[in-house]
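K.L.:
Spelled out, the chains give:
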Amino acid sequence: MTTQTAPSIVPDFGDSVSEGRKLAIICSKGTLDMAYPGLILANAALGEGVETHLFFTFWGFDMITKSRMGDLKFTMLGNTATHMPQGLGGMPGMTAMATHQMRKQIHDVGVPDVPEFLAQIVDSGGHLWACRMSADMMHLDEADLYEAVEGIISAADFIEKTDGAQLLFI
Amino acid sequence: MTVTTIGSAQVHVDAEGFLTEYDEWNEDLAGQLAAQIGITLTDAHWKAIRFLREDYQAMGETATLRRVSTQAGMPIKELFQLFPGKPAKKMAYIAGLPKPVGCV
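Chains A and B, in that order, give the protein sequences. Numbering of the first sequence is given in our numbering, commencing with residue 1 and proceeding in unit increments. Numbering of the second sequence is given in our numbering, commencing with residue 1 and proceeding in unit increments.
Everything labelled a hint here was simulated from the structure, so no lab data went into it. Every residue gets a Cβ at the ideal spot worked out from N, C-alpha and C, and that includes glycine. Take the hints with a grain of salt, since some may be wrong.
[What the hints assert, rightly or not] Computed spacing ranges between beta-carbons, pair by pair:
id : chain 1 : residue 1 : chain 2 : residue 2 : range
1  : A       : L88       : B       : W46       : 48 to 58 angstroms
2  : B       : E78       : A       : M91       : 24 to 34 angstroms
3  : B       : E54       : A       : E19       : 27 to 37 angstroms
[As the list claims (entries may be wrong)] Below, in silico cross-link-like pairs of lysine to aspartate or glutamate (EDC-like), each with a Cα-Cα straight-line distance of 16 angstroms or less:
id : chain 1 : residue 1 : chain 2 : residue 2
4  : B       : K99       : A       : E150
5  : B       : K77       : A       : D144
6  : B       : K77       : A       : E48
7  : A       : K161      : A       : E147
8  : B       : K99       : B       : D14
9  : B       : K77       : A       : E116
Sequences are here, hints too, so could you generate the full structure?
P.N.:
And the structure:
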C-alpha cells in the first residue's frame with residue numbers, strides 16, 4: 001500500500017447541499033414488516049440532514065393510531081418470502097407466533113418498536129401527517145392519533161407541503 | 001492510505017478525511033477536527049465523543065446515533081443540536097472513528 005501525504009482533508013458533510021433536500025414517504029401498510037421500511041428510511045434521511053415528511057394513509061393509519069401502533073402484526077399468509085407452506089400460515093395462532101418471532105428479531109438488532117421509532121423520528125426533526133380521507137373513513141380524529149402527528153391533512157395538502165421532495169410510496 | 005497534517009500531528013485518513021488509526025487520535029486532535037467542521041467542543045460534546053471511543057473499543061464498530069442516545073443517555077434532540085445536520089457522521093469524525101455502518 002502506498003502512503004501519500006495530502007494537505008488537510010476535511011469530510012464534506014454537505015451541510016449546504018442537504019439544505020433544501022426533502023424526502024416524502026407515504027406509509028400505506030399496517031403490517032409489522034411493512035411499517036419498518038418507511039421508518040428506517042425516514043430515520044436515515046433525517047440523520048443525513050434531509051427534511052423528511054411521512055404521510056400515513058389507509059392501512060398505514062395503524063402505525064399512528066394509539067390503540068394499534070404498538071400491536072402491528074406480521075402474517076405468513078400471502079407472503080411466499082417466508083418459504084413456509086402457505087397452509088401453515090392459516091393455522092390458529094400462526095400470526096401471533098410469526099409476529100412474536102419478528103418482534104424478537106427486530107429487537108435483537110437494536111431497532112425500536114413502532115411507537116418508540118416514531119418518537120425518535122420526531123426528535124430527529126421528522127414530520128408526521130395523517131390522511132384526511134383515512135381519518136374520515138375510520139371515524140378517527142386527532143385524539144385517537146399519536147400525539148406527535150402534526151395534523152390530519154388532505155392528499156393535496158401533503159403534495160403542497162412536500163413541493164420538490166423525493167417521494168417514496170410504501 | 002493517505003497521511004494528512006492536522007495541527008502539528010501527522011495522521012492516517014481515508015479518502016473522505018476520517019482517521020483510520022484508532023491510536024493516532026487524542027483529545028487535542030479532537031478539538032482540531034471539531035474546529036475544521038465548525039464545532040466548538042463543550043462538556044456535552046465530550047460526553048458523546050468519549051462514549052464513542054470507549055464503545056468502539058468494546059464493540060469493534062462505531063456506535064449509531066440511536067446507540068449513543070440509548071447507551072450514553074443523551075436525547076436524540078440534544079445530539080442533533082450538538083452535531084447539526086449529520087450527527088452520527090460528525091461525531092464519528094471528531095472521535096477519530098470510521099462512519100457508523102448500522103442502519104438505526
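K.L.:
Against each hint, give a clear statement of whether it holds in the structure.
P.N.:
Okay, the hints, checked on the actual structure:
no.	hint	in the structure
1	A:L88 with B:W46: 48 to 58 angstroms	holds (54 angstroms)
2	B:E78 with A:M91: 24 to 34 angstroms	violated (48 angstroms)
3	B:E54 with A:E19: 27 to 37 angstroms	holds (33 angstroms)
4	B:K99 with A:E150	violated (33 angstroms)
5	B:K77 with A:D144	violated (26 angstroms)
6	B:K77 with A:E48	holds (14 angstroms)
7	A:K161 with A:E147	violated (20 angstroms)
8	B:K99 with B:D14	holds (11 angstroms)
9	B:K77 with A:E116	holds (14 angstroms)
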